[in-house]
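*Asks:* Sequence order for the protein chains is A and B.
Residue numbers 866 to 1201, in the working numbering, belong to the letters of the first sequence in order.
Residue numbers 2 to 416, in the working numbering, belong to the letters of the second sequence in order.
Everything labelled a hint here was simulated from the structure, so no lab data went into it.
Any given hint could be a false lead.
Claimed, not checked - Derived SDA-like pairs (lysine to any residue); straight-line CA-CA distance at most 20 Å:
hint, chain 1, residue 1, chain 2, residue 2
1, B, Lys406, B, Phe297
2, A, Lys1073, B, Asp248
3, A, Lys1073, B, Ile255
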Amino acid sequence: MTSRERVLAVFNGKPYDKIPVINPTSLATVESMRHTKAFFPHAHTDSHAMAALAGAGRDLLGFDSVMPYFSIHLEAAALGCEVDWGKLDRMPQILKAPLLEPDDFVMPVNFFDRKPIKALLQAIKALRKKYGSEVAIIGKVVGPWTLAFHLHGTANLILETNMEPYKVHQILGMLMQTSIEFAHAQFEAGADIITWADHATADLISAKMYEEFLLPVHQQCNRALQKAGPVIFHTCGLVTDRLELFSQAGFEAFHLESRNDVKAAICIADGRMLMTGNINNPRILLNGTAADVYKAVNRAVEGGIQLLSPECALPCWVPNRNLLEIVHAARTQQNK
Amino acid sequence: MEQIFGTYFQRLVGKVDRSSLRSIQIVSRDGKILAKDTANSGDIPSDIIYKVIQDLNCTDLHQLIYNHSGEYTVVATPIVIDLQVIAMILIEAINLKHCEQIITIIRTSLESYIEYHNTQEEAFTEVSREEAIVKELLAVSSYDLGKQSLSYKLLKSLKAFGFDLFLLRSVILVKLEKKTNSYFNINLDLGYESSVEAFKDRGVQIIKANKYLNNQDIVAFADSDHIVIVKSFLDVGNIGKLYYALDNICESMISDLEAAKIFTYHIAYGGIYSTFQDVRRSYVEAENTIHLGSVFQENPGIHSVDKGIFEHVGYYLPSIVQHKVIQSVLDKLKKADGSIDLELLSVAEAFVDQCMNLMHTANQLHLHRNTVYLKIDKFKNKTGLNPEKSFQDAFIIKMTAVSVKIGAFSQGKVN
Chain A
866 MTSRERVLAV FNGKPYDKIP VINPTSLATV ESMRHTKAFF PHAHTDSHAM
916 AALAGAGRDL LGFDSVMPYF SIHLEAAALG CEVDWGKLDR MPQILKAPLL
966 EPDDFVMPVN FFDRKPIKAL LQAIKALRKK YGSEVAIIGK VVGPWTLAFH
1016 LHGTANLILE TNMEPYKVHQ ILGMLMQTSI EFAHAQFEAG ADIITWADHA
1066 TADLISAKMY EEFLLPVHQQ CNRALQKAGP VIFHTCGLVT DRLELFSQAG
1116 FEAFHLESRN DVKAAICIAD GRMLMTGNIN NPRILLNGTA ADVYKAVNRA
1166 VEGGIQLLSP ECALPCWVPN RNLLEIVHAA RTQQNK
Chain B
2 MEQIFGTYFQ RLVGKVDRSS LRSIQIVSRD GKILAKDTAN SGDIPSDIIY
52 KVIQDLNCTD LHQLIYNHSG EYTVVATPIV IDLQVIAMIL IEAINLKHCE
102 QIITIIRTSL ESYIEYHNTQ EEAFTEVSRE EAIVKELLAV SSYDLGKQSL
152 SYKLLKSLKA FGFDLFLLRS VILVKLEKKT NSYFNINLDL GYESSVEAFK
202 DRGVQIIKAN KYLNNQDIVA FADSDHIVIV KSFLDVGNIG KLYYALDNIC
252 ESMISDLEAA KIFTYHIAYG GIYSTFQDVR RSYVEAENTI HLGSVFQENP
302 GIHSVDKGIF EHVGYYLPSI VQHKVIQSVL DKLKKADGSI DLELLSVAEA
352 FVDQCMNLMH TANQLHLHRN TVYLKIDKFK NKTGLNPEKS FQDAFIIKMT
402 AVSVKIGAFS QGKVN
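Chain B extracted, bound-state conformation (with noise of 0.2 Å):
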């Protein structure tokens, strides 16, 4: 109110023609000043004051009331605000008739601005506020640690929401993705789509329902086809503990949320962390995981690194074994055509997950046990990595492996 009644109200009367007026004034109920234009040449008589608080009309909130006592005519009016007089606006007169328009003006005007400034606040404080937190959390372009910082603003808000910031967090991650009806080839309207987006406002509070968060939790769509839940967890000494609790929360959720049938579900989680900043980071390990979950399994819910834990190693080699060992495994697998020999690969990549046995590797790829020991040693003279010799070589094959699967969706990897 201060910034309303002192900076605003500074400006409003600046734009007013002053010929017609001696001074304009705003007080509060019980007659105490809140504001005035810094060029008048004195106060209202606080005498007039009270008698103009005396004879407002609670029944008439935007009344004119005058005085005649003083030098000037006083002319008043209240300001409204959800049918309450928050306080008056006083004008003495040279030109009555003049300063009537003026002061209906600067009342509306005032109005106006009061009730938008608490419609702003009160947006905030509600859904949106949750969004906005996750919005900024998520909010930077490029990430390097120990560079990002939280903005002031935003450290203020958690502060002031009442968020410990000390708790460790890992975000949990829910897709969204919408079950479509395809006949002859496109896609009909069957009516879904207004259930979707009443499933869409509900999705959040089903998953604030959840029994395992508290009011130390986040949840928000981050857009609109992703919620994200910014999970806490007071320290127990054993972060793979909370990983585990982590897993329940998730099938938890995903059976919360499966009673909407409107959508498929993919869950995942990031790493756990002990600063808000880290946030980013966990969201961005959770959408990665999503996305090799979305690769290499074949049903959707919960995507976890235990369930490919080869397939999340693969994803985060680093680049120098990318290009320094994984390239060249490739390169010596290329055909005459310049194509890799990925029936090849496929087939090492079996005979190591079979713990190098030719008749379970046989088996699996519905081959003779010949042809796969011909096949491998093939594999071997190209390459010259004997899995049956050294465990290096036989994780490099498999790394070159899960390498060429992820590689067909390289462009799905978040930085």
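So here's chain A without its partners, still in its complex pose (with noise of 0.2 Å):
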């Protein structure tokens, strides 16, 4: 069984080999930076360095899939964020958010010729062509949610859901289209499956807020989604209030934070979700030995989840003997 086939299995619902290991977000280490000579920031927006960088994760670390979309502000630069785009380790962020009002906004027409947009495109097909369909290709697309954050200002959102509540309606439904569009544009370059980053997180909103504001949003966008190919949810932090609400979103797999108990997160979404996770980057990945990671896989996979992967975008530093003891790990555990 090919890497892809395996996970797409677990997807389908289908019988597989051995227990996936997948990067919903970033895997890109230093130490892969190295090897592949692709560094950050270069690689967050040229498509060769994406594609190598990616690439990593299968040949240096022999994970079961590649995800060239290390950051979350491709669309944001692309929709005229002020971006500063990092350092060898450090994630890029939003300098200046063009404080989007509603009826400012349209889709610009070149949006998937603009630079970081075309970049992730061709990193992708180059990565189909590389890897034709032995590995799993994952794309991703920031939802309208974290796309308002970038243009419209984390603070100014969060307030207008309770002083103007009707804006924020409106841009969700503006930016809605992008999310799609982006999706569509990446299922057809070649990827497998979508990470759709919306953070909804309970640091910033209630669990009521979502079903509100984004539950409606959500559920039209995998309406739209549905036939192109599945979609892995992430949001980062404890979601055990919100989880039956994001079950009810129509999400294929939710990618769960090491924070939550798994078999928790499976009862709760009652087969309507896979989970990917949730192995702990601070503590296991960043500054844990190979034990301790065997021992986290262990943990996630007697909770029950369906796709090993790193509970979210590791830290730069994660050293590549950690990523390489969770598939060591996955493959020990009993086949399926």
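Starting from two chains that each stand alone, build the complex the way the hints lay out.
*Replies:* Written as structure tokens, this is what we have:
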């Protein structure tokens, strides 16, 4: 069974030989950058560097997937945000949001020709060409909520859920189309799966806010993408209070952070969403030993995780040996 | 566990009569030595330890296991917590019968201590965690700007529980006033008490479920009648907008709470500040707003500064202004019997409230226009204040009237 077949078998509810190890978010490490000569920040926006660094996940680490979108800033950059692309070991950040008002926004006609977007699509094509049907390719889009954070300002958006809720509905409705079209474009370029990054985190909004503002949007987006391919929903933090709502949104899988109990999450999802995760980044992957990684993998598998992965975008200084250990530990699990 | 098997175990062993034993050790399920008595003359051989572990029968959790293969008989027993064996105690026995008693006592003592320790930790991580945080945030007998600081332990707890210490925060205070039924001038117990207690348990949960709250917000009872919400905000660069957001949040909370009609609710919020140290200050402001609202507002519900701007300004007047300006006006209004002519003051206040319009003042007070004119004239002569010519004079008159009303409940002012 190829890696790609293994991963897609899980999504399709078919038998598979070993528990897949995937990366819905960035797997880029400094070690991998040195090996591939594809470094941050260049690799955020250059298609060759993107593909090379993404390929390290397969060639160096043995993961069943590759994922070339390392940050969450490509759409924001293409839509007019001033972005600091960061350093070797620091992810990008938004310097200036255009403070989008609903009436001001028009999706640019040449959106897919804008540098960061085009680079990603080219990287996906290059990876498909290189790996054929061996490895699963995971694309990524930033959902309308996080995109609104970037374009309108996080604090502004959160305040407006209180003061001008109609405006928030308008903004999300506008930006939703960008995410849908970008996802379609990545599937067409060769992606097998899309990670949908939308940070409806409990530290910012309540579950009721998610239900009011985002759930209808996510349901609409998933209906639009249903025939295109599976979508993994990524949001950070504790999600137990909202996982039931996430399960109603139509995503095929959820990327679970390590603070959440896997068994409880699977119980709440009740077969409506697969779970991927939830190997802890700071304690286990960055600062832990191989033995710690092994135990973490065992715990996740015993909890019922269906696709193993780090819990979120990796800190760049994670040693590759710990990532190799995830794959090694996964391969020693009982075959399904 | 290290503290328990280290410190506590040594204290236990120190109390034991050691004449009947050679050594005591605690080992883990895989044979690693976790603790041993410091006075012992050597470790129990590892092959004996492993043999004893192998002989452990998981269906008999209080068993004693014996091994006679070494120089001394070793007696062992498992330490069991929540039906799980977490470690084993081993004793090299000189007097076997005596050692059987000692090992049982040590096991029972360790199990009790570990269970107590676990219960304490669990209790703190549930509801009482937020209550403990609120109590500590509010527990200063007096505060002085710049001098109060949070304890290291509280700061560490806040960080450990994932609270961002640098968000803007305001305290929303909900005062629960039980509705009473008074017949024949006595309060009859009509069976509401149990409902009251049941609601109090749910009250915090109702507020926590409010759509405007998130994981960075803290909700807990400060005492039996007050719920404190420490509400967090991201900085939008315009604090005024956040206060309007607080109005919406308070309305939403009142709406959630009013479903339970056992209580009358008073809700107010304090200032928005950028550090946890100022939570106490915000709480005091909220409490004072509720006090002032209770005096000046007819209906319970949301008390806010903008519903009583003059009342709040009067409440927070500097003491120099109170003593030097306000008191001198009151002194000039004293009658022959020493009491203050409050009737004259109220006419002057009404005149100011009606923008110095005699007709409107007369209508408000249900007096003839000429009567109002004479009273205002008398007021001007007594005090020297002329609100028609000076806004400051008008302001002083208003502050004097407000100060008199506030003075009636000045014991409620919290410092």
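*Asks:* Hint by hint, say whether it matches the structure.
*Replies:* Hints, verified against the model:
no. : hint                   : in the structure
1   : Lys406(B) x Phe297(B)  : 9 Å, holds
2   : Lys1073(A) x Asp248(B) : 19 Å, holds
3   : Lys1073(A) x Ile255(B) : 17 Å, holds
Checked against the numbered hints listed earlier, the structure breaks none of them; every hint is satisfied.
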